[in-house]
Structure formats: structure tokens, C-alpha cells
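Chain by chain, the residues:
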Amino acid sequence: MFFLLIISGLSPQSVVANDRPNDAGGCVIITWDSVSDTSIDGYIVLRQTLPDTTFKRVGFTGRLKNEFEDNSAVDSERYVYRIATKKGEMYYYSPPSNVIHSSPQFFHTGRLNTLIAVIIFTFLLVYFVRRAKKGENLFIRKISGIDAVDEAIGRATEMGRPILYVPGLGDIDFPSTIASMNILGEVAKKVAMYDIPLIAVNCYPVVFTVAREIVHEAFLNQGKIEKYKDDYVRYLTESQFGYAGAINGIILRERPATCFFIGPFFAESLLMAETGNQIGAVQIAGTDQVLQLPFFVTACDYTLLGEEVYAASAYLSREPILLGSLKAQDFGKFLVLLILVFLTVLSFFNLNLLSFLKVE
Amino acid sequence: MKQRLPLFICLVVGLLMVIQFYIPHPVSVGFNSIINKWVVILSAFALVLGIGNLVSHHISKIKKAKADRWYSLVTLISMTLMALVGLVFGIGPDSLYQKIFLNILTPLGATMFALLAYYMASAAYRAFRVRNIEASILLASAFVVMLGFMPIGQFLHPYFPQVAEWIMRVPNMASQRGILFGVAFGSIATALKIILGIERSWLGSGK
Numbered sequence: 002m003f004f005l006l007i008i009s010g011l012s013p014q015s016v017v018a019n020d021r022p023n024d025a026g027g028c029v030i031i032t033w034d035s036v037s038d039t040s041i042d043g044y045i046v047l048r049q050t051l052p053d054t055t056f057k058r059v060g061f062t063g064r065l066k067n068e069f070e071d072n073s074a075v076d077s078e079r080y081v082y083r084i085a086t087k088k089g090e091m092y093y094y095s096p097p098s099n100v101i102h103s104s105p106q107f108f109h110t111g112r113l114n115t116l117i118a119v120i121i122f123t124f125l126l127v128y129f130v131r132r133a134k135k136g137e138n139l140f141i142r143k144i145s146g147i148d149a150v151d152e153a154i155g156r157a158t159e160m161g162r163p164i165l166y167v168p169g170l171g172d173i174d175f176p177s178t179i180a181s182m183n184i185l186g187e188v189a190k191k192v193a194m195y196d197i198p199l200i201a202v203n204c205y206p207v208v209f210t211v212a213r214e215i216v217h218e219a220f221l222n223q224g225k226i227e228k229y230k231d232d233y234v235r236y237l238t239e240s241q242f243g244y245a246g247a248i249n250g251i252i253l254r255e256r257p258a259t260c261f262f263i264g265p266f267f268a269e270s271l272l273m274a275e276t277g278n279q280i281g282a283v284q285i286a287g288t289d290q291v292l293q294l295p296f297f298v299t300a301c302d303y304t305l306l307g308e309e310v311y312a313a314s315a316y317l318s319r320e321p322i323l324l325g326s327l328k329a330q331d332f333g334k335f336l337v338l339l340i341l342v343f344l345t346v347l348s349f350f351n352l353n354l355l356s357f358l359k360v361e
Numbered sequence: 016m017k018q019r020l021p022l023f024i025c026l027v028v029g030l031l032m033v034i035q036f037y038i039p040h041p042v043s044v045g046f047n048s049i050i051n052k053w054v055v056i057l058s059a060f061a062l063v064l065g066i067g068n069l070v071s072h073h074i075s076k077i078k079k080a081k082a083d084r085w086y087s088l089v090t091l092i093s094m095t096l097m098a099l100v101g102l103v104f105g106i107g108p109d110s111l112y113q114k115i116f117l118n119i120l121t122p123l124g125a126t127m128f129a130l131l132a133y134y135m136a137s138a139a140y141r142a143f144r145v146r147n148i149e150a151s152i153l154l155a156s157a158f159v160v161m162l163g164f165m166p167i168g169q170f171l172h173p174y175f176p177q178v179a180e181w182i183m184r185v186p187n188m189a190s191q192r193g194i195l196f197g198v199a200f201g202s203i204a205t206a207l208k209i210i211l212g213i214e215r216s217w218l219g220s221g222k
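For the record, the sequence lines run as chains A and B.
In case it helps, the working numbering puts the first sequence at residues 2 to 361.
In case it helps, the working numbering puts the second sequence at residues 16 to 222.
One thing to keep in mind: the hints can contain errors.
DSS-like cross-link-like pairs, simulated, lysine-lysine; straight-line CA separation at most 27 Å [unchecked claim]: (1) A:Lys228 / B:Lys81; (2) B:Lys76 / A:Lys225; (3) B:Lys79 / A:Lys225; (4) B:Lys52 / A:Lys230; (5) B:Lys17 / A:Lys225; (6) A:Lys334 / A:Lys134; (7) A:Lys134 / B:Lys17; (8) A:Lys66 / A:Lys87.
Note that these hints are calculated values from the structure, not bench results.
The following block holds chain A by itself, in its conformation from the complex (with noise of 0.2 Å):
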């Protein structure tokens, strides 16, 4: 209880209480006017429930911060806020707040600009995979990473040799890990067309049932079951370095003539592309972590940088509505560039509208 009314210099005003906005409830937001003397140790909060007539604690602040979020507010409650300097042993308190009670919000206001930027790009796609699927012919550049698979390929096929097939250190919920499942769909066919063995080594056991599933499919599609091993998919370790030593123990002793590397890797990149460098193996590369793509262009023959690996399957499998998706997401980049050029032009004239691109 500390209902003791001491007015002063001290006391802090413009107490507002505010329901925190884009919540599920159960927080209020309180905010008030720092006093000026340093020499105090901060600030209690005080919380009156409605119709009760006293004040509880619920909390205190450092003399810096003037805001507090009360996050055991109860929805269906309604609250009086004050707030009350603590100077040694002494509480100055604040006027009363307003009356205020929590509610949860059915759309968070804050993302209002990706939900516009999805619903542009969802129908980008539609209208490109439209076209595509008129027979339009769609102009797409040349990726020299992709082509080089069928050429990895033919030579793990002369050489007589495995592919390795490793899908980096993604659970599925990565969005890399899905393009990589798409791509190994693709080699995988290829695998089955030239009955070369395939190693897909995978760390987490959901992406090793996807790529098994994806590596059986494949077989089966090209008539080739009864050549489909269920050794071609493995399961190592969810370890990180466990993982990048399984694989160099694969690499060197079986001395595959082609790797890929398409996925999310981390710290363990180098080490596997290093060690398939050094048996002379053909590499083939693509992650979307930006930081580890020096590595794989120094230590692999080609690499797809981030949004190439997107694109592969549908490079790879020539579908025309893959092909579509693929200028969708070209004129979605254009678009960003030119909102940016447009913005920022914008704010040379003090119109500040970057902070519309801020995400909460």
C-alpha cells in the first residue's frame, strides 16, 4: 500500500496509460514526464484495479526510462495508473492516469506494409505463371552453376563414381532447405536416368524423410525404381561439426566426383568444400547465407548466390510456370528498387517516408 499523497517538484505528471498496441492482450502501456533531478533512484508504479479504492505495486523503473509495460494487466479489468519518485526514502506521487483496460487486436497494424508487398507479389505470380502457362516464351538469363549440373553429372557417370548431394545445416522450416529438396529432385532424376549412385547426406531427420521420399519419387518416376537403394539417403547427425566430419570421412574415402552444397550452411562450409577440393571432386555450390558465399566461390568450381538457389529447380526443370515464378520475383525486385530510388528522392525534400518500409 502506498497511497500517500505528496505533490511536489518530484512528482511525475502527464501519467497516460495506453493499451500496448498489436498484442494478444494483457499489457498496458504507461508513460509519463521524467522529473529533472538526477540524484533519484527511480520510479514506482502503482495500480488501482477498479472499483477498488487502493493502490497496488506492480513494478519499478531506473530514473531513465519513463515508461513502464504492465504486462499482468487482466482484459476484462479496468485501471488507474500513478507513478511515484523514489528519492531515498521519500515518494513523491503523480495525478491519477486515465482509466484504461488491456484488449487483444485482430490485425497487427505494424505489418500492414508486408501484407501489401505480399498480396502485390502473390499477384505478380499469378499473372506471370498466367502468361507462362499461355505459352509465352520468358526470357531467363543464363545461369552458369545451374548448367554446369548436367556436366557434373556426365562426369561422375564417366568416372563411374558417386554424386554427393549435401543439403547444409537447415531443418525444413528454412526456406533454402525447400529449394534444395527441389533441386535434389532434379539431380535425382538425372541420377536414376544414368544410374550413377547418389549419397544425400542430411543432418535433420524430418529433411532426411523429405529427401527420401524426394529420391524414391524420382526412381519411380523414371522407371528406374528397382535401381533406387534406400542407402542413397542417410542420416548423419544433427551435430554441426559431427555433421562436417561424417562428411569429410564420406568424401575422402568415397571419393565422389561431384558435390553440391545447396542449402543453408554455417561455419561448416569450408571445411566440407575444402576437403571435396582437395580429392578434385567437381563443386557445385549455392547457400542464401551471404556470409559463407566467399568460401564456396574460392573453394568450388560454381556457386549459386542466394536467390539462384530459388530459382534452380525451375531453371533446372524448364517448366514453363516455374519459369514464370522465376520473372515474378525479377519484377518484384524491380519494384523494391524503384519504391527505394522513390523514397529516398523523396526524402532530399525532408518527406521522410522511409519509416512506411519499417516492420514490427
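Following the hints, position chain B against chain A.
Just chain B now, kept in the frame of chain A:
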């Protein structure tokens, strides 16, 4: 039906998860939590399949008496021992399981990580060999950046750290952001293609 049902489930759950992102209401948050629990449960089932694959692969190698069968034997014995130690003695902070983990597995991982320094040296040697104009620019900028971040750079010329900082902050950052834009659009396109059923190679058919 074998394809339509997964596509339908993918469409419905995918759209629900997209909608959920824009709704902060407790019902929506609860739905997200339930889906995440399902993912954990499904992962546990997949782990059984993964371990089954690991065991069968190594048993077949041992049976075939290949030259490297000893590695397979070590793998199987280590895996079984760790599982038994964890099941019998528990996995608490002072348990035998934690001691094996901290004193054997962690140093082994650190050893692999430490090897990275040597791999980096050999990769850097190849990258910095002056073969063409791009490699020359790479070598020159790497030289400036390395000097700029070392005390000797400041000693040689006070502009070295500033130039190094500029290379990292302007051309390097600009190219990184360019790649990241592409990655973002690629991620969204992949997600939309799968949700809308345009990309179906994850179903195995490729059609």
C-alpha cells in the same frame, strides 16, 4: 488422391499460417503454438526413421566387411552407449551423460572448428593468387582491409582504418544487401509456389 490431399493440406495450413502472422489475437497465437507442438511431435517420429537408417547403413557396412567397417562399429557402439548411459543414469547437470558430452563431444566439435583456420589459409591462398583483374582487386581490397583492422595499419598511415571501414560499410554492405533482397524474394516465391501448388517437386512427382 495421393497428391491432392497433401496439396490441400499444404494450401490450408500454409494460408492459415500466413493469416496467423497478421493476427495478434490469443486464438491466433494459440493456433501457432499448437502447430509448433505438432512439428515437434512429427520430428520425433522422423528421428526414429533417421536412427533406423543410420543403424541399417552401418550394420550393412559391417556385414560386407568393408575396409572402413571399424568406423561403423565405433559409430554404433558410441550411439548405443550414449543412449544407455542417458536412459540408466539420467541426463541431469552432473550426470555421466553430461560429463561424456562436455568432455568428449564438445572438444571434438571444437577441434573440427579449429581446423577451419588452416582451411581458411589454403582457401585464401587460392583466392588471392593474381590471375585476372577481379582477383587483383580482391587481393588489393583484402590487403587494405586486413591492414586497416590491425594496429600496424594505423601506424603506417592514419587513413588505412578509415578506408578499410569504408570498404566494409559501403561496397561490401551494398552487395550483401543486394543478395539479401534476392534471397527475400526467392523465399517468398518458394513459399507461395508451394502453398499455391505451383511447385510440386516436394511431392516427388515434379509435376
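Going back to the hint list, which numbers does this structure go against?
4
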